[in-house]
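Colleague: Residue strings, one per chain:
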Amino acid sequence: MENIEKKLREEAKRLLEEKRVDALVGYEAGTLPLTATPCFITNSEEADRLVWNAFCTQNLAKYVHDLISQHRNAQKRVKPEDRKKKVVGVVARGCTTRSIVLHLQERQYGRDEVVIIGVPCTGYVDRKALTVALDGADIQEGSLAGDRITIQTASGEREIPVQDVLADNCRTCKFNNPIICDVMIGEKAPEMLGAAREYAEVEEFEKLSTEERWEYFTKEMSKCIRCYACRQACPSCYCPTCFVEQSQPQWVGLGEDATDTQVFQLMRLFHMVGRCVDCGSCVSVCPMGVDLRKFLKKLDKDAFDFFGNRAGASLEDPPPLSTFKEHDKEDFIYNP
Amino acid sequence: MARRKFATLKSFLDYIGIEGDRTIFTWVSASEGERFANVIKGVTAKVQALGPAAKLVKKL
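Protein sequences, first through last, are from chains A and B.
If you're matching positions, the first sequence starts at 36 in my numbering and goes up one per residue.
If you're matching positions, the second sequence starts at 3 in my numbering and goes up one per residue.
Think of the hints as simulated: they come from the structure by calculation, not from any bench.
Since this is a predicted model, take the numbers as computed values, not measurements.
Treat the hints loosely; a few may be bogus.
To be verified - Restricting the straight-line Cα-Cα distance to at most 30 angstroms, the calculated cross-link-like pairs of lysine-lysine (DSSO-like) are:
no., chain 1, residue 1, chain 2, residue 2
1, A, Lys336, B, Lys12
2, B, Lys61, A, Lys364
3, B, Lys61, A, Lys254
4, B, Lys12, A, Lys163
5, B, Lys48, A, Lys254
6, B, Lys43, A, Lys209
7, B, Lys43, A, Lys329
8, B, Lys7, A, Lys360
9, A, Lys209, B, Lys57
10, A, Lys120, B, Lys61
11, A, Lys242, B, Lys60
12, B, Lys12, A, Lys364
13, A, Lys114, B, Lys57
14, B, Lys60, A, Lys258
15, B, Lys48, A, Lys258
16, B, Lys61, A, Lys336
17, B, Lys43, A, Lys163
18, A, Lys254, B, Lys43
19, B, Lys43, A, Lys336
20, B, Lys61, A, Lys48
21, A, Lys258, B, Lys57
22, A, Lys209, B, Lys12
23, A, Lys258, B, Lys12
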């Protein structure tokens with residue numbers, strides 16, 4: 036991974052010097068030990084801030100979309116002949132490129148407005164799992180070498196293998212190499228060990244009774260405090276005005292009433308049919324640890340079983356809900 | 003396309019615990035008089051058999 040960081044910085048320097056991108060979105064070291072945070076660099080001197088390691092959590096496609104939308108909005112007030120094009124570069128791993136492909140399928144911006152630097156990925160660390168593994172101890176210092184993390188806490192040194200604290204979605208990821216890219220840094224990453232068991236959790240849940248499933252749903256959603264961090268972090272949630280904020284008509288109440296929260300989550304998750312790339316951003320930013328992926332993965336499985344489609348897997352596929360095939364599933368239709 | 007949306011919705015609602023029979027979809031036109039009546043009778047019967055809904059009901 037260190038080798039990849041070096042090549043990444045060189046590539047970023049080159050792109051910025053040649054002015055092929057106006058801004059580059061990547062990750063830099065965070066303020067706390069063992070964290071990485073998104074960063075935006077605009078000139079080649081800043082390229083050395085870029086990092087690429089197992090702590091790079093966020094899906095950067097969200098920022099790409101935000102930057103391009105902001106630019107377009109600003110350009111609306113400029114005369115057509117004076118308008119400038121802005122190109123955004125992004126350090127993209129597999130799920131990030133899937134989100135970008137999704138944006139391109141949904142015509143959010145043109146292929147020429149984004150330059151994708153592909154990087155291989157072997158998963159990122161789930162911070163909540165790391166905290167649990169340390170029994171809640173504060174991380175005073177830490178470092179990552181190969182596949183082991185060494186941590187200094189108040190009570191001494193601990194070593195934890197990365198595999199133990201990998202994020203759930205990373206364990207079963209089938210798309211850990213970029214789908215599309217302009218430049219690929221390094222060699223392709225090997226397949227994740229759990230890739231074959233991708234839907235095991237969903238299938239387990241389906242075996243439970245209706246009442247048990249409902250109880251789990253209500254229990255998880257009772258944790259939700261309506262902070263909307265999941266919506267803000269999700270690259271597929273890019274509506275300028277979210278349905279929650281509409282008041283004419285008011286689709287769902289804003290308060291913390293349990294039913295309102297259930298309906299809000301139900302609706303937001305349902306907007307993700309055929310669009311969720313399983314990047315895990317929603318789960319990693321949720322302050323309450325709501326298990327959203329149990330439900331999102333079911334939508335992913337349905338889209339795959341019913342329509343043979345994986346979100347953002349290929350630029351040529353149309354979005355599954357915008358098309359139909361003659362022999363689509365019909366057995367659910369009531370016909371007296 | 004509506005067919006696809008409803009297939010997914012029914013499957014999803016059933017997954018989170020809303021009984022499968024509460025979600026019913028059908029193709030019917032207002033000019034299919036008798037069939038329309040049959041559909042309504044059938045749906046009403048099905049839903050009544052399930053009893054009052056207790057889930058996702060907001061108490062004001």
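Colleague: Check the structure against each numbered hint from earlier and tell me which ones fail, lowest number first.
Modeller: Those not satisfied are hints 2, 4, 6, 7, 9, 10, 13, 15, 16, 17, 18, 19, 20.
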